[in-house]
Amino acid sequence: MKAGAIALIQYATAILMVFLVAWHVAVRIPWLYGVEDLPSTMSPEIIYDEVRRFWPLLILLSIAVVVHGVNGLRGILLEWAGSNERLRFAINILSILAIIALLIVAVHTIVGLPELG
Amino acid sequence: MERGRFRFLENRLGIIASLYPWVIDIRGNPERIAFTLHRITGIILVGFVAIHIVSTNTPARAGWEAWVEEVQRLSGVNPISVLFFIAMGAFVFHSLNGIRLLLVELLALGIGRPEKPKPPYIPPSLKGYQRTLIYIVFILSLVIWALMGYVMFLT
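Going down the list, the protein sequences come from chains A and B. Residue 84 in the numbering used here sits at position 84 of the first sequence, with consecutive numbering throughout. To convert, take the position in the second sequence, counting from 1, and add 1000; that gives the numbering used here.
Here chain A stands alone, though its shape is the one from the complex:
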């Protein structure tokens, strides 16, 4: 993939995240649920309901965050690697593996969510 295309992915995921991360953080405001503190906004009932209702947004958020984050770190590491081709290759492969691994865990969080007891 060309460097320009990767930069475009970085911008596109950033634009997506402006909305998705704002929503993800906003739903942790205690007063929305009439509770007093941050941990209370993460009770099993609230999280279960949130994942069941908004799972497509959570998947999209995971993809945007993981791709943007790992790609950003990859850019910094490539700058440090200079023209060492073997190091550059290793950084690229490890980045792809990190994206795949984190997305598998993220998808498992949603797919494997247990029923409330």
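Please keep in mind that the hints were generated in silico from the structure rather than gathered at the bench. Model, not experiment: these values are computed from the prediction. A couple of the hints might just be wrong.
What the hints assert, rightly or not - Pairwise CB distance ranges, derived in the manner of DEER restraints:
1. A:E50 - B:E1065: 56 to 66 Å
2. A:H108 - B:V1068: 11 to 21 Å
3. A:V111 - B:R1113: 35 to 45 Å
4. A:I100 - B:T1132: 33 to 43 Å
5. A:V111 - B:P1123: 49 to 59 Å
6. B:Y1121 - A:P30: 49 to 59 Å
7. B:I1051 - A:N92: 15 to 25 Å
8. B:H1052 - A:E45: 36 to 46 Å
9. A:V27 - B:K1116: 28 to 38 Å
10. A:H108 - B:L1109: 38 to 48 Å
11. A:A22 - B:E1065: 43 to 53 Å
12. B:A1146 - A:V18: 16 to 26 Å
13. B:E1065 - A:V111: 42 to 52 Å
14. B:S1125 - A:S43: 17 to 27 Å
Stated by the list, open to error - Okay, the calculated bits of chain A under chain B, using three or more residues with CB under 8 Å as the criterion:
15. 9–18
16. 34–45
17. 61–71
No residue lacks a Cβ here, since even glycine has one placed at the ideal position from N, Cα and C.
Following the hints, put chain B in place on chain A, whose structure we already have.
Here is chain B on its own, set in the frame of chain A:
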């Protein structure tokens, strides 16, 4: 080498060169400070996101009881909640500065129009309002981070 308001650094090789984008000409240069902070907060956030994804997997991996225990670690002042607070600070700055970068780099807002160089050779980007945006990002980040601290530790 220094010429007026702007400094020009010689090309250097080796490991120090790889640090140059981070530390180059930081005095009186809020753009570079924002750039460096954006990188540092970005690295913090990659670590945070990885931990966050693994930790939110707890219900699927170990059940709801384990999740309740995990969430309780964010109560009060303890190493986990302090690290979470630091990550939130990184998140706030990185997001606001990211929005500024989208406006400036993608939409070319606040950087002025291209013009022929003429004395005193002040780049049009320094005459636009992009620098004001940086100061707004710095101040807003601190305010929102303080509000987050209030929600985390004082409610």
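Outcome of the hint check:
Range check, E50 (chain A) to E1065 (chain B): about 19 Å between beta-carbon atoms, so the 56 to 66 Å window is missed. Between H108 (chain A) and V1068 (chain B) the C-beta distance comes to about 20 Å, which sits within the given range of 11 to 21 Å. The hinted window of 35 to 45 Å between V111 (chain A) and R1113 (chain B) is violated, with their beta carbons roughly 52 Å apart. For the hinted restraint 33 to 43 Å between I100 (chain A) and T1132 (chain B), the CB-CB distance of approximately 42 Å keeps it satisfied.
Distance hint check: the CB atoms of V111 (chain A) and P1123 (chain B) are about 52 Å apart, consistent with the given range 49 to 59 Å. For Y1121 (chain B) and P30 (chain A), the Cβ-Cβ distance of about 53 Å falls inside the hinted range of 49 to 59 Å, so the restraint holds. Our hint of 15 to 25 Å for I1051 (chain B) and N92 (chain A) holds, since their Cβ atoms are close to 24 Å apart. As the Cβ distance of H1052 (chain B) to E45 (chain A) is approximately 21 Å, the hint placing it in 36 to 46 Å is violated.
Under the hint 28 to 38 Å, the C-beta atoms of V27 (chain A) and K1116 (chain B), about 51 Å apart, miss the expected range. Distance hint for H108 (chain A) and L1109 (chain B): a CB-CB separation of about 41 Å, consistent with the stated range 38 to 48 Å. A hinted range of 43 to 53 Å for the beta carbons of A22 (chain A) and E1065 (chain B) is inconsistent with their spacing of about 31 Å. Remark: the range hint 16 to 26 Å for A1146 (chain B) to V18 (chain A) is upheld by a beta-carbon distance near 22 Å.
Range check, E1065 (chain B) to V111 (chain A): Cβ separation about 20 Å, and the 42 to 52 Å hint is violated. Between S1125 (chain B) and S43 (chain A) the beta carbons are some 49 Å apart, a value that contradicts the proposed interval 17 to 27 Å. Given as covered by chain B, the region 9–18 of chain A passes the check, having 5 residues with a CB less than 8 Å from a CB of that chain where 3 are the minimum. For the region 34–45 of chain A, the proposed coverage by chain B is satisfied: 7 residues have a C-beta within less than 8 Å of a C-beta in that chain, meeting the threshold of three.
For the region 61–71 of chain A, the stated coverage by chain B holds: 5 residues have a C-beta nearer than 8 Å to a C-beta of that chain, and at least 3 were required.
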